[in-house]
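Novice: Each chain, written out:
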Amino acid sequence: MSHLALRRVMIRLLHDPAFAAALHDDPPRALAGIALDADERGWLLAEPPAAWRTDPARPARVRAALAEEYPATLALDASRAETFFASTVFHAAVQARGSLALAFGDHLAGSDDPRLRVLARLERAIAEVRRAGRPRAAVSSVPERARWTLAPSARVVRVPLGGVALLAAVRAVAPLPPLGSADEPVLVLAPPGGGDVTLEPLAPALAALLERAARGADEAELVAEARRLGADPGEDAEIVAGLVADGLLVAAGC
Amino acid sequence: MCFADRVTRLPHLGLGVSTEYGAGDAPRALDVLALRDAHPAYARFLEIGVETAKGLDRHAEAWVARGLPTTYHYLDVNLDEPEDFDDAWLADVCAVAARMRPAWLCGDAGMWHLGRRERGHMLLLPPILTRDAADAMADGIVRLREATGLEVLPENPPGQVYLGDLHLLDFFARVVERADTGMLLDCAHLAIYQRLRGHDPLTGLDGFPRERIVELHVAGGSERRHDGFAWVDDDHSPAVLADTWGIVEAVVPTARELRAVVFECERNPMGDCLAGFARLHALLAAAAPGLGAGT
Chain A
1 MSHLALRRVM IRLLHDPAFA AALHDDPPRA LAGIALDADE RGWLLAEPPA
51 AWRTDPARPA RVRAALAEEY PATLALDASR AETFFASTVF HAAVQARGSL
101 ALAFGDHLAG SDDPRLRVLA RLERAIAEVR RAGRPRAAVS SVPERARWTL
151 APSARVVRVP LGGVALLAAV RAVAPLPPLG SADEPVLVLA PPGGGDVTLE
201 PLAPALAALL ERAARGADEA ELVAEARRLG ADPGEDAEIV AGLVADGLLV
251 AAGC
Chain B
1 MCFADRVTRL PHLGLGVSTE YGAGDAPRAL DVLALRDAHP AYARFLEIGV
51 ETAKGLDRHA EAWVARGLPT TYHYLDVNLD EPEDFDDAWL ADVCAVAARM
101 RPAWLCGDAG MWHLGRRERG HMLLLPPILT RDAADAMADG IVRLREATGL
151 EVLPENPPGQ VYLGDLHLLD FFARVVERAD TGMLLDCAHL AIYQRLRGHD
201 PLTGLDGFPR ERIVELHVAG GSERRHDGFA WVDDDHSPAV LADTWGIVEA
251 VVPTARELRA VVFECERNPM GDCLAGFARL HALLAAAAPG LGAGT
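Respectively, the protein sequence lines represent chains A and B. Numbering-wise, the numbering used here puts 37 at position 37 of the first sequence, and it's gapless, one number per residue. Numbering-wise, the numbering used here puts 280 at position 280 of the second sequence, and it's gapless, one number per residue.
Chain A extracted, bound-state conformation (with noise of 0.2 Å):
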């Protein structure tokens, strides 16, 4: 399948006009790590640089596309977005077969300005539980051993205390609310039948279950986990039941 990744090697090249002058100078540095062959190397050494710069504004529409999903952070400041396709993440994603959009996010979340850092991460976790897909079909059954994991509309973020307020502050053009040094955590959900993404603050150890959850847990290792958080016998279980009824654990694999 190595066409598969020397075509993602032109996409790059499409993008990322830095890489293009690269691939030039230095073949071996600017292809390290990617499995292509020496003739798939020879043809693309062949080609005119001027053949990966004929539409010179693909970089600003893809890039256009891209920000309708992070608006708050680019609208406290957009700069960073500029060098997202010559960023490691860019390629990275490209040649993994990734999103886009989420590499953006990684991105713009690498920026030295904290509040630039959780505008970011929770406007990337919003693009990734929008990407779930439909919702699952109900199972008829679940096996007796299954193994649970968060529903891919659900992801807990942690930013610092305040960034939920901040991005509030942004999205209505208010004065920004200063970002505290405790962790802040989130619950940030895509509803089932579509609609807007809603960001919850979580109590810490809601959270840190869902967190456990999301590595993947049978029933037993969550009704523990939850005893250790604090629940009570009984109690313990009935969260877990609670949680797979709102349909915030999901069966793997199922």
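Hints listed in this document are in silico derivations from the structure and should not be mistaken for laboratory results. Do not take every clue at face value.
Claimed, not checked - Distance windows between CB atoms, simulated:
1. A:Arg171 - B:Pro209: 52 to 62 Å
2. B:Val142 - A:Glu238: 47 to 57 Å
3. A:Leu161 - B:Asp25: 41 to 51 Å
Keep in mind that this is a model prediction, so the values were computed, not measured. C-beta atoms are modelled at their ideal positions from N, C-alpha and C, and glycine is treated no differently.
Based on these hints, arrange chain B on the given structure of chain A.
Specialist: Showing chain B alone in chain A's frame:
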């Protein structure tokens, strides 16, 4: 049943026109139903470009509502990437096809989107012209045909860069033989490729299995230059390049299973397109009378 038998069941659609979501709403764009009413011989069917995420626009819906013939031109599948054939997409394709009742599926056999189907990922690139890429594409064609029950005709895509060690026509000959299917030969895209590679417009046609050509595309293009690099923009203008006409005129008389020809000019005023339609209509009437090019 092999392609040679299956092709006998495909209808002779004749000369038609194409559209895609939103194209008919562009300023001064071709109104496909008005063309059908004014010149029925030029719009005997409509090739509808479909992204399942968008569905059909009002122009396509109106055509379908009149029960007129269609073909389904996919705009959102990378045939050579197995990950692209997810159940949700296949279900959407089947749902749209059930409404359109197309004669077949067809479309550029290259890369329509980088990675997954997502905002910002759309980007049409030609395939890498190698044997393993051809084999992967053929597998995808068979998979789509089996999933939809419709014939799937790969089309040679446009491009400014073609990589690989096969000639474009040798690549697609391998694809259609391995998938045992027909071909949508885009004459404008072929002319673009031949010029980029420094070939004569007809290079490689002698070795191509012309009995597998079911559909042709004809479109105009604009010659451009960027930093000394000369290329042709596949802009679907009504101004068809001489190279493209040369390919059309060579193929039509020799493609014995030809069923359909599309003049792709969907974003241009009708009056600007009539000369191209008339030339194609005359060519088909003279060289492919079985195609039913009469009014």
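Novice: For each hint, tell me whether it holds in the structure or not.
Specialist: Results for each hint:
{"no.": "1", "hint": "A:Arg171 - B:Pro209: 52 to 62 Å", "result": "holds (59 Å)"}
{"no.": "2", "hint": "B:Val142 - A:Glu238: 47 to 57 Å", "result": "holds (51 Å)"}
{"no.": "3", "hint": "A:Leu161 - B:Asp25: 41 to 51 Å", "result": "holds (48 Å)"}
Consistency with the previously given hints is maintained throughout, with no hint failing.
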